[in-house]
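Here are the chains, one letter per residue:
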Amino acid sequence: MPGRYGVPTDPDYQERLAEFEARIRRGEKIEPGDWMPEEYRRQLIRMISQHAHSEVVGMLPEGAWITRAPTLKRKMILVAKVQDEAGHGQYLYHAAETLGISREAMLEALLSGKAKYSSIFNYPTLTWADIGTIGWLVDGAAIKNQTMLAQCSYGPYSRAMVRICAEETFHHKQGKEMVLLYAQGTPKQRAMAQDAINRWWWPALMMLGPHDKDSPNTEVLVRWGIKTKTNDQVRQEFINEHAPEILAAGLSIPDPELRYDEKSGNWLHGPINWDEFWQVVSGNGPMNKERLEARRRAHAEGAWVREALEAYAAKQKKAAVAV
Amino acid sequence: MDTQWPRWEVFKQDAPGKPHQAVGSVHAADPEHALLTARNVFARRPQAVSMWVVRAEEVFSWTKEEIAQDPALRGESRPALGSRPTTYLVFRKTSHKRSMTFVDHVGEVEAYSPQGALREALARFSDAEGLVWWVVPAEKVYKSDPSQETVESWFDPAKEKTYKQQQYYATVSASRPKRRKEDEAFGEGCAHC
Ligand SMILES: [Fe+2]
Ligand SMILES: [Fe+2]
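So the protein sequences, as listed, match chains A and B.
All residue numbers for the first sequence refer to numbering that gives the first Met the number 0, where the first residue is 0 and numbers rise by one.
All residue numbers for the second sequence refer to numbering that gives the first Met the number 0, where the first residue is 0 and numbers rise by one.
A couple of the hints might just be wrong.
Mimicking DSS-like on lysine-lysine, the simulated pairs with C-alpha atoms at most 30 Å apart in a straight line are [what the hints assert, rightly or not]:
(1) K314/A / K139/B
(2) K142/B / K160/B
(3) K113/A / K317/A
(4) K314/A / K142/B
(5) K160/B / K72/A
(6) K74/A / K139/B
(7) K74/A / K187/A
(8) K212/A / K115/A
(9) K158/B / K72/A
Output of the computed footprint for chain A on chain B, the stretches with three or more beta carbons under 8 Å from beta carbons of chain A [as the list claims (entries may be wrong)]:
(10) 13-26
(11) 58-65
(12) 109-122
Because the hints were derived from the structure by calculation, they are not lab data.
By construction, the Cβ of each residue, glycine as well, lies at the ideal position given by its N, Cα and C atoms.
Please model the complete structure; the sequences and the hints are all you need to start from.
This is the structure:
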């Protein structure tokens, strides 16, 4: 399909760009096969593949606790949640593939360490209360972002997000329920819940991305309807929902400057340590190396399964031809 | 790095009488593998009663924009001499509304080429404007086993896993989380195991 991805040097670029932007303003979805700027495609591939990798790597910190879940009920919930995250990775790789990038190329980028994924998954899960806190705060932050992305102008990404959001709500609720129970439990349980909140609060705020003024892509992403809100807007929504709930549960938030602003109706937070964020993003977080090694090991150890399935498929094909 | 498996488009039917809807794709070595993977990826929640898979390269797709720009698609269908028509399944998307599914199965047409199938489809299914059309040769589609036994074993377990539904946690509130009966039951050992 010549000219499906337009570049500014195309003679009809300006005209087609105007049509494309008008479609987005009318609330139409852009679908595979439609004309789109090459830059729209590039931004989507970047965002969707990073998002897919985050779902896949996100299985690791929680998966580590499946064998140590305190009850059968909690174990079944955690297994189901980790399975869901694997599924989310699949939905998202599919959405990126509709833009003409192969799954193999994306996996290669992840395993080689070239691709980015969410900074949050480079923190360790130290106690069982981290599992509840991840559900409540990390999935809670992810939902705010994903609900916004469900409005995305690109059809396949939007559909993946709608499917994911429907499942994420369970992740959020089970985590919230767990932390609230511990907050009302024994002193030891309370202390464990508080310790988890203390460690995950700031990384949860950071995972929603740099401030708008430091986020050079935001303008074009919003204009093309890839994002419908900025990082700071999504972060504010997250804080406004979660801060009062954490405090109502009798837990504290590790931000001495956090306060409710009557005038704006917002919960205002103190300065975020962006040095830490950039350290983690650039590979120096507490768990970056381990996460990548775990992915590589899983890929290498699964090689025989892939070979066996391929051999079986070849045999079936041969048998079908012989008949 | 090893070479990836072929990609298969997946269609899911939520209940008898409802259309099969495109939900996404999976990579798999063969049709059986594709159907199993499709079930694991796209039917972890109710509802589902049937799934179809087809190799991605067997899917012929046009958006409204592509059709508008290709006048050849609106001409007459001219069968090659002596050729027999093929049955194509037709799928269509009609709304820009937020949705987790893409094109819906609307019916079948007989045609001599995918382009011919699209022309047939545009004429036959004109009750609503198509924003995206897919036509797929019927013989390339692999379907999950419709026997009751398979349908139950594939799709019923998801219904029993009520803890995956958000309603299960409806009673959660910051001030006073309610303990449900199931908490105790699970604590003692699950009744199903
Ligand atoms: Fe997820
Ligand atoms: Fe999640």
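Hint check:
Among the hinted pairs, K314/A with K139/B is consistent with the structure: their alpha-carbon atoms are about 19 Å apart, no more than 30 Å. Restraint check for K142/B and K160/B: the C-alpha separation of about 25 Å stays at or below 30 Å, so the hint holds. Taken as a hint, the K113/A and K317/A pair is broken in the structure, with Cα atoms around 39 Å apart against an allowance of 30 Å. A distance of roughly 21 Å separates the Cα atoms of K314/A and K142/B; the hinted pair therefore holds under the 30 Å criterion.
Distance hint between K160/B and K72/A is fulfilled; the C-alpha atoms sit about 11 Å from each other, no more than 30 Å. Under the criterion of a C-alpha separation no larger than 30 Å, the hint pairing K74/A with K139/B is inconsistent with the structure, at around 41 Å. Our distance criterion of 30 Å between C-alpha atoms is met by K74/A and K187/A, whose separation comes to about 21 Å. Under the criterion of a C-alpha separation no larger than 30 Å, the hint pairing K212/A with K115/A is consistent with the structure, at around 21 Å.
Between K158/B and K72/A the alpha-carbon distance is near 16 Å, which keeps this suggested pair within the 30 Å criterion. Using a Cβ-Cβ cut-off of 8 Å, 5 residues of the segment 13-26 of chain B lie near chain A, which meets the minimum of three, so the contact claim holds. Counting residues of the segment 58-65 of chain B whose beta-carbon sits less than 8 Å from any beta-carbon of chain A gives 5, enough to reach three: the coverage restraint holds. Here's how the segment 109-122 of chain B fares: 0 of its residues keep a CB closer than 8 Å to some CB of chain A, so the rule of at least three is not met and the hint is violated.
Violated hints, listed in ascending order, are 3, 6 and 12; each of the other numbered hints is respected by the structure.
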